[in-house]
Amino acid sequence: MQLNVNDRPRKIAPTDPEMPLLWVLREQLDLTGTKYGCGAGICGACTVHVDGAPLRSCVTPAAALAGRRITTIEGLAAASPQHGVALQQAWIEHQVPQCGYCQSGMLMAAAGLLAATPQPTDEQIDAAITNLCRCGTYPRVKAAIKRAAGIGA
Amino acid sequence: MRPATLLSEPRRRLLLGSLFAAGAWTIGLGPRPAHAQPKPPQVVDPSVPGFGVWLRFEGPALTLLTNVTEMGQGTPSLLAAIAAEELGLPLERIKVEMAPIEPRFDNPFTDSYLTYGSIGFRTAYATLAPVCAAARDMLQRAAATRWSVDAAECTLREGQVTHAASGRQLPVSALLAEAAALRPPEKPSPKPHEQWTVLGQHRQRTDIPAKTDGRMAYGIDERQPGQLHAAVLHGPGFGAKLAALDERPAKAIRGVRKIVRLPGAVAVVADSWWTALQATRKLKPRWEPGPHAKLDSDTHAAELRAAVQAGRGDAFPKRLDARLDEAAVTTALAAAGTNALEQLYEFPFLAHAPLEPLNATVRVDRDGAEIWVSTQSQSDTRAAVAKALGLATERVQLHSRPCGGGFGRRLEFDCAVEAALIAKAVPGLPVKTIWSREVDMRAGFYRPASAVRLRLALGADGLPTALRADMAGARIEDYSGVAGEPENDLPDFASSMAWLGQSYALPAIHLAFTKLDRGVPLAYWRSVGASQNTYCLETMIDRAARSRGDDPLAYRRRLLAGEGPQPRRALALLDALAARAGWGQALPAGHHRGIALFEGNRAVAGHVVELAVTGPGRFKLVKIWAAVDAGWVGNPDAVRAQLMGGTVFGLAAALYGEISFAQGEVREGNFDAYRLPTMAELPPIDLLVVGNGERPAGVGEEGVPSIAPAIANALFAVTSQPVARLPLTRAGWRT
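As given, the protein sequences belong to chains S and E, one line each in that order.
Going by our numbering, the first residue of the first sequence is number 1, and it counts up by one from there.
Going by our numbering, the first residue of the second sequence is number 1001, and it counts up by one from there.
Honestly, I wouldn't trust all of these hints.
[Unchecked claim] Listed next, the in silico DSS-like pairs over lysine-lysine satisfying Cα-Cα at most 25 Å (straight line):
{"no.": "1", "chain 1": "E", "residue 1": "K1387", "chain 2": "E", "residue 2": "K1258"}
{"no.": "2", "chain 1": "S", "residue 1": "K146", "chain 2": "E", "residue 2": "K1424"}
{"no.": "3", "chain 1": "S", "residue 1": "K146", "chain 2": "E", "residue 2": "K1258"}
{"no.": "4", "chain 1": "E", "residue 1": "K1241", "chain 2": "E", "residue 2": "K1284"}
{"no.": "5", "chain 1": "E", "residue 1": "K1282", "chain 2": "E", "residue 2": "K1387"}
{"no.": "6", "chain 1": "E", "residue 1": "K1241", "chain 2": "E", "residue 2": "K1424"}
[Stated by the list, open to error] Partial list, computed: chain E residues near chain S (C-beta under 10 Å):
{"no.": "7", "residue": "Q1073"}
{"no.": "8", "residue": "I1253"}
{"no.": "9", "residue": "D1367"}
{"no.": "10", "residue": "L1687"}
{"no.": "11", "residue": "L1688"}
{"no.": "12", "residue": "G1703"}
[Unchecked claim] Each pair of labels, with its calculated beta carbon distance range:
{"no.": "13", "chain 1": "E", "residue 1": "A1334", "chain 2": "S", "residue 2": "G41", "range": "43 to 53 Å"}
{"no.": "14", "chain 1": "E", "residue 1": "Q1224", "chain 2": "S", "residue 2": "A127", "range": "35 to 45 Å"}
{"no.": "15", "chain 1": "E", "residue 1": "E1058", "chain 2": "S", "residue 2": "Q82", "range": "53 to 63 Å"}
{"no.": "16", "chain 1": "E", "residue 1": "D1246", "chain 2": "S", "residue 2": "P61", "range": "23 to 33 Å"}
{"no.": "17", "chain 1": "E", "residue 1": "K1387", "chain 2": "S", "residue 2": "I151", "range": "55 to 65 Å"}
Bear in mind the hints are in silico, worked out from the structure with no lab data behind them.
If you're wondering where the values come from, they're calculated on a predicted model, not measured in any experiment.
C-beta: ideal position from N, C-alpha, C; glycine also.
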């Protein structure tokens, strides 16, 4: 089987057809920036983009994604030279991460939001960012998204 | 050298006494009498030439070795700033590295590696500042000798040693050999706090860029050649034993390598973790139930209530605080009559739930073992793994990784020990064991559940004359792997927290603890006992204020009218917080406010909450103001982050946090049941950081305790009904 990950064709060893994308990324492709947090599609630490839209990779079988364009945090800057890079810079400027474990997913969710809604309102940010952060970085996540979108903060 | 036992004397001192000499008050206990104050350990040995073990100069660059874990708090970045400050080196030339796990790199205040208790900056400063100051002194003397001038006239800046009067200058790297041959000064003099130019300034943390592009490697990201993956199944509740197992359904799955039977667990080792997880779900082991198989949260809550009502707990010894006086409290409560307030409070077990589930990668072979793990307790974890494997500690090599959250859970080494036993069954191959979220959530080592019966006697002037707290629960020190055999006369360490050493005018205090242990493993949870006791104290203070129609802020100001730097500092923070929030201003209709204060770890912190009641039992948070006096502020932005994080951590517990039991099993398994707030649930949070102390204070835990009582006090303002049970959902309140 072949997957398109970060604009590269990647060969995947035959696996259980149910195996979620998360574990293929982490174990077979060594793309460990995408994290396991809950395994149930709740926390969002595993968020990647499929054809540019955020998706929770811990509950999505890899086999269903052949031919789709998969982007992980490692490929965000290349895939999204405008929003992705602006978000990463804003993340540093606002010193968003604490432990950092949820932040790959936060950034992917934020990049997906800006791709669809380049000037989001606070309500749209709240609705799009359902990721969980145990360190409590939410206010800085929101501020950095607004900064990257060029709307104050 | 460390004694063989894990419970070494100095560490016990850290847990139970003051951290440093004079003027310290830890999160739990008040200042001890002078004779009982341990001296700060000597960190620079003037009899041995050289820079010591913590500094490694390489040409123009400096590497600092540390025992502090990066777990989101940014302490390692702060260490570089300490060295830059003392040595006049540019920050970009300073690297911070985890020290190898050897006794010579122990935190001298704990005789171990421990990142907890809000001690990171405090102990690191107390260790590293003198070490760097000594190195500066040696470099100055080396330059002075070379130039035949007075050492005091040689200054260090931008990596250069300069003698201004003669215009001579050399890079630090040119003087290293001569300086290292000198003896360190008897008493190194760190720069006075007022002269800081690097510390105290906003600086970007060095760990953050790698946390924005997927590069940061946590324990769970470890990848060793030939590595296998393990998932586990634990018996129900705590203490269940594996009785029978049919391995065939799991073994039939392609990619499964081995089933490992442990006393209270079954592990599946496979080519992929997901395969291993699926295989555990095919296994239907038979378990022999543990001794508390019937544990039920409601029944347990009832027995905790009964215990505090009976009021026959063990008293806390008078040596902890001069105000501890049972006889005086009994007399005052009797004299107060109807002017005595009483409340019974109830608190649940809480999980730390760091977002990186517990995991460890271990390889065991004939020569020893190697472990890669995200941990807050490197030395204890290493020793525990060695013990479990029957190896000498020296034969276990531990590689410490940054933590995807800790909050106290990664002080415990239960997962690491289990991972080691699993790896032992597959000798020579590295095995990464990851606990699924559900296994992690149900594995115990929780914040204890407790009940507190609090009585506050008021005098004719409305001020307290006595406080009595009867507490019941189990003891963290009976379970935690962190050393903590309390002194024999201390009934429970966590229960002392937030009652003693406080600035409030509480003339007489009686504390009693009834141990009621139902076999649930317990651990230190961010802010520990203060997460409960501050709630009791601060909500009771609002009751006292409102019983006389006093404003809660004005009443607290009266309680802080005492002499001395500590009450003055607490009052200053309270006033700054109230001014920031505009306390006392008219509020929109239906809006209410609550305020609460916390003192501990030499810090003062507080919250103001504004909320709107939106229906019966429903409210909406409108705004939160949080403030902390961090003593000396090492990096204001990092302190703000901790205050914000602590606030959200405390808020999660206040709104939803509960681990509950039915038939001995933990009900909550994932974040659908153990809820954390999302971005949409947070109101704006205003942060105020001040530095108004004589030394660094803790900041990691200090944002947690006062948020819940601030909310409860706002709800009390609405209904005049005390909120006596957490989480708020259990008291009939939802957002």
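Of the numbered hints stated earlier in the document, which are not met by this structure? 2, 3, 5, 9, 11, 13 and 15
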